[in-house]
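Q: In order, the protein sequences belong to chains B and C. Position 152 of the first sequence, counting from 1, maps to 152 under the working numbering, and the rest follow consecutively. Position 97 of the second sequence, counting from 1, maps to 97 under the working numbering, and the rest follow consecutively.
These are computed hints drawn from the structure, not numbers from a lab. What you are looking at is a predicted structure, and each value in this text was computed from that prediction instead of being measured. Note that beta-carbon positions come from the ideal geometry of N, C-alpha and C, so glycine has one too. Treat the hints with caution; some may be incorrect.
[Claimed, not checked] Partner residues are not named here, just some residues of chain B that face chain C (Cβ under 8 Å, in silico): (1) Ile-56; (2) Gly-58; (3) Ala-59; (4) Asn-61; (5) Ala-77; (6) Glu-90; (7) Val-93; (8) Cys-96; (9) Gln-104; (10) His-105.
[Said to hold, decoys possible] Taking lysine-lysine and the DSS-like style, the derived pairs with C-alpha atoms no more than 30 Å apart in a straight line are: (11) B/Lys-26 x C/Lys-125; (12) C/Lys-80 x C/Lys-47; (13) C/Lys-125 x C/Lys-80; (14) B/Lys-109 x C/Lys-42.
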Amino acid sequence: MSGSFSASNIFLQSNINGGRRCAACKYLRRRCSQDCILAPYFHHSQPERFVCVHRIFGASNVARMLQHVPAHNRAQAADAIATEAYMRVEDPVYGCTAIIARLQHEIHKAQNELVMLKAHITIHKACQQQQLQNISGQSSNQLMFPAEVHWDMDDNALLLPDFPPNLF
Amino acid sequence: MTSNPSFAPTGGSSVASAAATHPYPAPASSTSASPSPCAACKFLRRKCHPECVFAPYFLADQPQKFISVHRVFGASNVTKLLREIPAGDREDAVNSLAYEAEMRIRDPVYGCVGVISILHHELRKLQLELSFARAELARYQTGGAGHPADVAANNGSLWGNGSFDMGVVGGGGLMGGAPAAPTGFGLLGGHFYRPSAAGGEEKPGFGLGPA
């Protein structure tokens with residue numbers, strides 16, 4: 001009897017993992033059906049990946065999220081969900097938003113520096129134009145700046161809402 | 001498990017602040033003032049106890065915040081997460097969860113990871129621009145660009161028309177090939193940090209008047 005039971009059990013298990021249960025079904029201690037939506041993305045060889053995802057999102061939430069995504073995008077979606085879950089496990093307070101905040105800060109710094117550099121370059125160019133005029137014998141004493149260049153800085157310039165968000 | 005933590009939000013007790021901001025009419029049968037249910041308990045249709053873990057962070061006037069978090073993470077998972085975090089950090093944790101949930105709802109495939117990819121790409125672009133700018137400034141400062149011929153040749157600048165317009169970035173996701181959708185731009189009302197040349201074109205030999 002046990003032999004026939006194990007044979008039918010193997011028959012029912014997903015073929016995606018070579019007959020073995022996926023990491024999700026193994027963790028949840030359930031049968032891994034052939035149409036298990038999690039099986040393609042949570043291989044049995046990476047149990048910790050599903051542990052993170054289950055801890056943060058929950059298996060049913062992840063299955064639902066993947067079902068709502070077109071099939072050709074599910075692998076990317078599962079990877080992104082696993083990444084977010086991992087980051088949240090590593091940093092329970094901020095998760096991946098810590099990286100977002102840091103990147104936004106770095107972008108603002110770089111933008112400020114770029115604006116200053118371009119201003120300096122403009123000044124240098126103007127000085128050189130002045131020198132050109134002097135060399136060519138022109139009498140203008142004015143330091144000519146390119147009239148059409150100005151530096152717009154949007155007061156509310158944000159690539160994305162900064163963390164903490166004020167979305168609600 | 002920690003002993004009874006303080007669930008008071010920053011700036012006051014949850015019950016008092018919730019009641020003060022949005023007082024619901026008290027039921028006629030109640031013998032004492034009933035605190036208004038938090039957004040979580042209202043959504044879950046359950047009684048909001050004074051020690052409700054959600055009450056300090058999901059106020060009744062922000063139902064969408066809890067709906068998003070519940071949709072992505074689930075109330076029970078959020079409860080477990082919050083109980084593992086010191087009380088002082090819970091507000092930040094809730095805000096970050098709300099942000100992450102909102103990003104995932106707006107981009108069901110990439111979520112926050114897509115945002116990170118876009119920002120990373122933007123930063124790399126800026127760093128490249130910075131390296132060009134530093135090199136050009138260094139040329140001016142060392143006098144390498146001081147020759148009149150160099151000035152005429154370089155009036156176009158390394159940026160062509162001199163403008164710097166950060167458009168929507170849509171390529172190069174973390175996911176290997178598939179472009180991360182530009183979910184941040186426009187959808188969330190963000191603006192571009194955009195120093196621009198008003199005329200758009202840096203005319204060669206600017207400032208030179210008629211001979």
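Q: For each hint, tell me whether it holds in the structure or not.
A: How the hints compare with the structure:
Among the interface hints, the one on B/Ile-56 holds; its C-beta lies about 6 Å from the nearest C-beta in chain C, closer than the 8 Å criterion. Hint on B/Gly-58 holds. Least Cβ distance to chain C is approximately 5 Å, under the 8 Å limit. Because the smallest distance between the Cβ of B/Ala-59 and any Cβ of chain C comes to about 10 Å, over 8 Å, the interface hint for this residue is violated. Against a cut-off of 8 Å between C-beta atoms, the interface hint on B/Asn-61 holds, since the closest Cβ of chain C lies about 5 Å away.
The restraint placing B/Ala-77 at the interface with chain C holds, with a minimum CB-CB distance near 5 Å, inside the 8 Å limit. Because the closest C-beta pair between B/Glu-90 and chain C is about 13 Å apart, greater than 8 Å, the hint is violated. Given hint, B/Val-93 at the interface with chain C, holds; its Cβ is 5 Å from that chain's nearest Cβ, closer than 8 Å. The interface hint given for B/Cys-96 is met, as the beta carbon of that residue sits about 5 Å from the closest beta carbon of chain C, less than 8 Å.
Interface hint at B/Gln-104: satisfied, since its Cβ lies 7 Å from the closest Cβ of chain C, which is below the 8 Å cut-off. The restraint placing B/His-105 at the interface with chain C is violated, with a minimum CB-CB distance near 10 Å, outside the 8 Å limit. Restraint check for B/Lys-26 and C/Lys-125: the C-alpha separation of about 44 Å exceeds 30 Å, so the hint is violated. With a C-alpha separation of about 19 Å, the suggested pairing of C/Lys-80 with C/Lys-47 holds against the 30 Å cut-off.
Using a Cα cut-off of 30 Å, the hinted pair C/Lys-125 and C/Lys-80 is violated, with the two alpha carbons roughly 40 Å apart. The hinted pair formed by B/Lys-109 and C/Lys-42 fails the criterion: a straight-line CA distance of about 43 Å is larger than 30 Å.
The structure does not agree with the numbered hints 3, 6, 10, 11, 13, 14 stated previously, though it agrees with the rest.
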